[in-house]
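J.: Next come the chains, spelled out residue by residue.
2 protein chains.
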Amino acid sequence: MTQANFASVYEDAFPFWNEIPDTDKDYICQNSSVFTYPMGTNVHDGDECSGVILVRCGSLRVYMLSENGKDITLYRLHEGDICMLSASCVLDAITFDVFIDADKDSECYSISGPAFAAVSKRNPCIKIFALEIAVSRFSDVMWVMQQILFMSMDKRLAIFLLDESARTNSDLILLTHEQIARYIGSAREVVSRMLKYFSNEGIVEVSRKGIKILNRKHLRQLTS
Amino acid sequence: MTQANFASVYEDAFPFWNEIPDTDKDYICQNSSVFTYPMGTNVHDGDECSGVILVRCGSLRVYMLSENGKDITLYRLHEGDICMLSASCVLDAITFDVFIDADKDSECYSISGPAFAAVSKRNPCIKIFALEIAVSRFSDVMWVMQQILFMSMDKRLAIFLLDESARTNSDLILLTHEQIARYIGSAREVVSRMLKYFSNEGIVEVSRKGIKILNRKHLRQLTS
Numbered sequence: 000m001t002q003a004n005f006a007s008v009y010e011d012a013f014p015f016w017n018e019i020p021d022t023d024k025d026y027i028c029q030n031s032s033v034f035t036y037p038m039g040t041n042v043h044d045g046d047e048c049s050g051v052i053l054v055r056c057g058s059l060r061v062y063m064l065s066e067n068g069k070d071i072t073l074y075r076l077h078e079g080d081i082c083m084l085s086a087s088c089v090l091d092a093i094t095f096d097v098f099i100d101a102d103k104d105s106e107c108y109s110i111s112g113p114a115f116a117a118v119s120k121r122n123p124c125i126k127i128f129a130l131e132i133a134v135s136r137f138s139d140v141m142w143v144m145q146q147i148l149f150m151s152m153d154k155r156l157a158i159f160l161l162d163e164s165a166r167t168n169s170d171l172i173l174l175t176h177e178q179i180a181r182y183i184g185s186a187r188e189v190v191s192r193m194l195k196y197f198s199n200e201g202i203v204e205v206s207r208k209g210i211k212i213l214n215r216k217h218l219r220q221l222t223s
Numbered sequence: 000m001t002q003a004n005f006a007s008v009y010e011d012a013f014p015f016w017n018e019i020p021d022t023d024k025d026y027i028c029q030n031s032s033v034f035t036y037p038m039g040t041n042v043h044d045g046d047e048c049s050g051v052i053l054v055r056c057g058s059l060r061v062y063m064l065s066e067n068g069k070d071i072t073l074y075r076l077h078e079g080d081i082c083m084l085s086a087s088c089v090l091d092a093i094t095f096d097v098f099i100d101a102d103k104d105s106e107c108y109s110i111s112g113p114a115f116a117a118v119s120k121r122n123p124c125i126k127i128f129a130l131e132i133a134v135s136r137f138s139d140v141m142w143v144m145q146q147i148l149f150m151s152m153d154k155r156l157a158i159f160l161l162d163e164s165a166r167t168n169s170d171l172i173l174l175t176h177e178q179i180a181r182y183i184g185s186a187r188e189v190v191s192r193m194l195k196y197f198s199n200e201g202i203v204e205v206s207r208k209g210i211k212i213l214n215r216k217h218l219r220q221l222t223s
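So the protein sequences, as listed, match chains A and B. Under numbering that gives the first Met the number 0, the first residue of the first sequence is numbered 0, with each subsequent residue one higher. Under numbering that gives the first Met the number 0, the first residue of the second sequence is numbered 0, with each subsequent residue one higher.
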């Protein structure tokens, strides 16, 4: 991977790119690396500083982990998304740890935390960019929290199935009950029970292949 | 309230104060107001833009509210604290609503949202300050979420009692079970049941006056 390649990608990914000096552009590119993560591997592990991650392809799952191994998905990152929470060394105000796994085979660019911190110290526009990304993730996390705390399980599952179907542009959701449980912050048994109920109602068809949406209208009614 | 009074307070409260032009200082002061909130009154209500709030005295409770009235305390603001979540019109990245009530009789200064947005557009140091406050609240909220999702009730209650005792510098917690339940994201019945258990164990004494910590060492053991 040459510096020129990084630069051409960063020009699209970072709105601040053309506002900073060439020396800082070079410095960022010199401190960039390419990583490939096979599906299921860990990308970032709690309190280390893995740097600022740009997803080139694939999908990453950002989650919280309790001492006894229970986890809650906070959000997922897709192509073109940037993760600042993996670089808590860049933003002093972030005092919590998250974990990140590759949801699919993924390729990421990573800018070293100290290097990114150094250029953002010299360029307020970078600092603002980094903070704005963190704050917009805050909004995502608040939404997850609202869902988990306040929303009934059938509603949560219905919303998830519709979102996932829209995202993949397919009626067939190719996820296990275990995976869905993790995404919506529930237990596998609860998801299986609810899917069985949906299935009895003719809303979905559950098979080994996945979950097929049969009655989208009914599913939508559950979300309101 | 004169502009000079605002300015002298803002000089201490805002680290950016001496980095911005006098015209912007004047503009902020001209768009500032003083509000007094008797205990229990609502300070900020969801999606309105109440401006940037600086707590002068008293205490504000920031919480999420569900459609059916269930609420979860996110954090509390004390003297000298600044609230940006009440001014979602200032930060585009904030796309969720919170509610704020006065926990005690409180006095606050409020800077109009559009005025604050205008000066922060001209001064990156203000924008960075505002975003950093939002991100550090994000850290608080993540902690609350971790507590609610992962921690057992006895541990949560023990931590709350110790924190509250440290904050008020007293062994006596002058809060109702209802209030405690709200702070720790639980139900009154659950808190009462757990306090009864603590009381049976000789850890606390529960009376009409409040909750008195009798065995601090035992309480601390519960938190680990």
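One or more of the hints may lead you astray.
[Unchecked claim] Far from chain A, by Cβ distances over 10 Å, these chain B residues were calculated:
id: 1; residue: Ser7
id: 2; residue: Ala12
id: 3; residue: Thr40
id: 4; residue: Ile71
id: 5; residue: Glu78
id: 6; residue: Lys126
id: 7; residue: Ile127
id: 8; residue: Arg136
id: 9; residue: Gln178
id: 10; residue: Ala186
id: 11; residue: His217
id: 12; residue: Arg219
[Stated by the list, open to error] Under 7 Å between C-beta atoms, here's a sample of chain B residues computed to sit facing chain A:
id: 13; residue: Gln2
id: 14; residue: Ala3
id: 15; residue: Asn4
id: 16; residue: Ala6
id: 17; residue: Pro20
id: 18; residue: Asn122
id: 19; residue: Glu131
id: 20; residue: Val134
Just so you know, these hints were derived from the structure itself, not from any lab. Keep in mind that this is a model prediction, so the values were computed, not measured. Think of the CB as a built atom: it goes at the ideal place given N, C-alpha and C, for glycine as much as any other residue.
J.: Now look at each hint and say whether the structure bears it out.
T.: To see whether the hints hold, each was checked on the structure:
no., hint, verdict
1, Ser7, "holds (27 Å)"
2, Ala12, "holds (17 Å)"
3, Thr40, "holds (24 Å)"
4, Ile71, "violated (6 Å)"
5, Glu78, "holds (21 Å)"
6, Lys126, "violated (5 Å)"
7, Ile127, "violated (5 Å)"
8, Arg136, "violated (8 Å)"
9, Gln178, "holds (18 Å)"
10, Ala186, "holds (12 Å)"
11, His217, "holds (21 Å)"
12, Arg219, "holds (18 Å)"
13, Gln2, "violated (28 Å)"
14, Ala3, "violated (30 Å)"
15, Asn4, "violated (29 Å)"
16, Ala6, "violated (24 Å)"
17, Pro20, "violated (16 Å)"
18, Asn122, "violated (9 Å)"
19, Glu131, "holds (5 Å)"
20, Val134, "holds (4 Å)"
The structure is inconsistent with the numbered hints 4, 6, 7, 8, 13, 14, 15, 16, 17 and 18, although it conforms to all the rest.
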